[in-house]
Amino acid sequence: MPLVSLTGLSVAFDGAPALRGIDLSVAKGEAVGLVGESGCGKSVTWLAALGLLPNKARISGSVVLDGQELIGAPPAILEKVRGGRIAMIFQDPASSLNPVHRIGKQITEALALHRNMVGQAARSEAKRLLDLVGIPDASRRLDAYPHELSGGQNQRVMIAIALAGQPELLVADEPTTALDVTIQAQILELLKDLRRHMGMTLVLISHDLGVVADSCERVAVMYAGRIVEEAPISRLFSAAAHPYTQGLLGALPPMDGPRRRLAAIPGGVPEPWAMPPGCAFAPRCAHRVAACDAGVPGLIPLAASHRVACLQVAQVAMPRESVPA
Amino acid sequence: MLRFIASRLARAALTIAMVVTFAFIVLRLSGDPAQIIMGADAPPEAVDAFRTAWGLDEPIWVQYFSYFWAILQGDLGRSMRDGRDAIVLVTERIPATLALTLPALAIKICLGIPAGIYAALHRNSLADRVVMIIAVAGFTVPSFVLGLLLVLVFAVQLGWLPSGGQESWRHGILPVITLGLGGAAVLARFTRSAMLEVLGQPFIRTASAKGVPWRAVVTGHALPNAAIPTVTIIGFMVGTLIAGAVVVESVFSWPGVGRLLVVAVANRDLAVVQCILLLVAITMVCANLIVDLLYGLLDPRLRAAPGKAA
Ligand SMILES: Nc1ncnc2c1ncn2[C@@H]1O[C@H](COP(=O)(O)OP(=O)(O)O)[C@@H](O)[C@H]1O
Ligand code: SF4
Ligand SMILES: [Mg+2]
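Chain order of the listed sequences is A and B.
Its first residue numbered 41, the first sequence is counted upward by one per residue in our numbering.
Its first residue numbered 3, the second sequence is counted upward by one per residue in our numbering.
Since the hints were made in silico from the structure, they are not lab data.
Where a beta carbon is used, it is the ideal one built from N, C-alpha and C, also for glycine.
Take these hints with a grain of salt, some might be off.
Label pairs and their in silico Cβ distance ranges [stated by the list, open to error]: (1) 304/B / 165/A: 42 to 48 angstroms; (2) 225/A / 298/B: 36 to 42 angstroms; (3) 104/B / 165/A: 43 to 49 angstroms; (4) 341/A / 304/B: 55 to 61 angstroms; (5) 156/A / 126/B: 36 to 42 angstroms; (6) 19/B / 161/A: 53 to 59 angstroms; (7) 303/B / 168/A: 25 to 31 angstroms; (8) 218/B / 168/A: 20 to 26 angstroms; (9) 65/A / 126/B: 34 to 40 angstroms; (10) 104/B / 161/A: 44 to 50 angstroms; (11) 221/A / 218/B: 35 to 41 angstroms; (12) 199/B / 54/A: 17 to 23 angstroms; (13) 314/A / 288/B: 54 to 60 angstroms.
Extracted from the complex, chain B is given alone in its bound form:
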């Protein structure tokens, strides 16, 4: 078990290091931050001074290693825009993003899983078809289209809800629904196919042949098995709690991490972009770690037998 966790942690660290490196390379290759921040017609001396101030005149590998070294010491750098610590800039946006993504995750789970189970249990019924059509639509319609559609109907036409901003909880309703519906559709599809797969297994027939009432066959025998693949998808969704709302935050002008990312990329505000990417990588890696541990809990076949453990 210790060995399992150690190898997982090592892999997680490697993943994060790769994300950091990748972000560094892409950002440095995609334009000169000094020029962009100072503006196209800034005097060359000013741009040079900016470069020296931020260490941009050093060779690229020196920049990379000093950046990496700083991260290892917990220093994520400062924003080139206003000189504040990147980590502070980013963390103060996290509550706003979570205010969208956490309720959206609840919608995904509370709507998607029961819908998927119901559809599987009533396969080929009208309800199943309706659920599947909605699920496929939710799967294929991009979130900005769905978001704009909701704005058109509920903000512009009906005037029930605001179309953007963050002044009250009512401003959060449309973005949360936009995020939640799309994810619920994905989860419904996965849950349905996981359930169908399990319901076709011989052990389900064994349970019925034993005299277990159908309800108990579903809850006691089918669900615990169908939970195994479903947890992967939920884990993936937990991994996107921080970064999963970039598009929706932009559509609804919601001042979360996603919007900060868009602005920071446009400005080549390197430290901020890298800080966000690091945060995203850490969230995803943690979510994966949790999924792996849950797998072991849900599926005894993945648990090392006592004594047999390597």
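Same shape as in the complex, but just chain A:
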């Protein structure tokens, strides 16, 4: 049984759809990557799951954690889940920490909420967590304010806060996007280490397929509020079946070269209020046929744990020669 399953999760802001039916399961202990261009709905997916979107967001569908439905769940339930069972860290560590509270206080707040730890016990646990995430001179840093730390250190603090509640799942939303390259690698390494040692489940959100490839076993590719392809990492690199995924792979630099952002597919993402009637990728797709505009393609299984949402999958996925004449 999966730890978390999202079924038909949809979100609209002021009538404009941001998510259009997300189906995704995360099993205990695995690391899943969620990739796609900026604005495709990666963050909204997990903010919606945790009930962190503003009230104006219209949410439908289902998010089940260990048998507990989270969509529409009462605040008391959600407050236990947030940080206690599913923790989330964000893109911009500097502004994600409260500027007027000391680091230590921001960690012990989570310890009090989820582990009933207060006073000296909480403080020494906070110090242990800072040690764990690799902050030097942890006991002194407890009394520092976020502006006294670097971006990479602040992200480590965010991770320490996330670990404080001993969550089963950590959702890391572009945790390295705001950091410079060497720090990026260190943070990803830290996440991998922590997962190995604590058996924590990880969802790693990134616009960079390269980042996800290094840290995850499985990846889901999103486009315009939907998942268009889902496969184990190795399979995705060897047999990507969706034209969008193929475009992403084509945009990746060679294995030993420097990383670039994915942007090499011509055209742009459709605006939420002007979604094409059928496949959202159709305006940019080289394989488009008339049927592509007739309805939104659903995810269909292609192989073990490989699903893709494309009508032309037979033509796209197979090498030309193997198509029967």
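With chain A held as given, fit chain B with the ligands onto it using these hints.
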């Protein structure tokens, strides 16, 4: 820290010196006090005698420096009207003014801040719209209009409260409300926008994502941050405790510092006007100083890190 306070004090002294100079220039340029006090048809010899008595026949810069020198020695001069010490005339009016402005400040804070917080937390709700409409009205309606309106309704029409004077505490109600409502509106607007700004920050989402209940997110995370800009406005209001009631005191014939100022200006009673302006400048400068120190308390980013202090 010492250096910070020293530089602040130096700036404060400079500000006060500038106010004193400015007041001196404007008052001397705007009419001959001797002529005004003695009356238009006083005999020229009498006017000349008055000038000599008050040193008004000296060159203007001599007057300025002797005035400045006197201030440095704590001598603020005497009223040209009745010869009493200006400082005594002014200070005996202060309690009456504070009797209006202090309760009004309490109204501003107790009404304006909760209203602003509530409006921000229920953005775009009916309550938010009502608060904002009242706030904009309170912002744009001048205090003498509001004062007269209250007089019309509660004194003239309903006859519940007196329209002016200072005989009992009931006389203070309308002027206090006039002052308080306007300021509460200003404060509500500022508090609301400060709160909205803070509630949109990523660290608020972090707190919620940690499992902090919404109430505690508001009180523990949003309010301490929203307090930083709000304190500026409150500090400004504290700075107007002495001089902020000029209009309202006139509307309600309340014998405070404001009314004294109006009368003294009309009479070109130089020492009294300058004494009041000096007092106002000192209050404002002190309020600013307090705001600066509070900033340091509220916002660790403005505190010099130990060891890093310049
Ligand atoms: N609070 C919000 N109000 C209105 N629209 C939003 C809000 N949050 C996200 N959106 C919209 O939802 C879409 C998906 O956003 P997001 O999930 O943040 O993308 P990303 O994949 O880059 O994380 C975007 O079109 C964005 O404009
Ligand atoms: S469904 Fe059609 S338009 Fe969409 S990706 Fe497949 S081939 Fe292209
Ligand atoms: Mg995002």
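Now the hints, each set against the structure:
1. The hinted window of 42 to 48 angstroms between residue 304/B and residue 165/A is violated, with their beta carbons roughly 31 angstroms apart.
2. Checked against the given bound of 36 to 42 angstroms, the beta carbons of residue 225/A and residue 298/B, roughly 38 angstroms apart, stay inside it.
3. At about 48 angstroms, the CB distance of residue 104/B to residue 165/A agrees with the hint of 43 to 49 angstroms.
4. In this structure, residue 341/A and residue 304/B meet the distance hint of 55 to 61 angstroms, their C-beta atoms being roughly 58 angstroms apart.
5. The given range of 36 to 42 angstroms is respected by residue 156/A and residue 126/B, whose C-beta atoms sit roughly 38 angstroms from each other.
6. For residue 19/B and residue 161/A, the Cβ-Cβ distance of about 57 angstroms falls inside the hinted range of 53 to 59 angstroms, so the restraint holds.
7. Separation of residue 303/B from residue 168/A is about 28 angstroms and conforms to the stated range, judged on CB atoms against 25 to 31 angstroms.
8. In this structure the supplied range 20 to 26 angstroms holds for residue 218/B paired with residue 168/A, their Cβ-Cβ distance being about 25 angstroms.
9. A hinted range of 34 to 40 angstroms holds for the C-beta pair residue 65/A and residue 126/B, which are about 37 angstroms apart.
10. Against the hinted window of 44 to 50 angstroms, the Cβ-Cβ separation of residue 104/B and residue 161/A comes to about 46 angstroms, which satisfies the hint.
11. The supplied range of 35 to 41 angstroms is met by residue 221/A and residue 218/B, whose beta-carbon atoms lie about 38 angstroms from each other.
12. Here the CB-CB span from residue 199/B to residue 54/A is close to 21 angstroms, well matched to the stated 17 to 23 angstroms.
13. At roughly 59 angstroms, the beta carbons of residue 314/A and residue 288/B sit within the given window of 54 to 60 angstroms.
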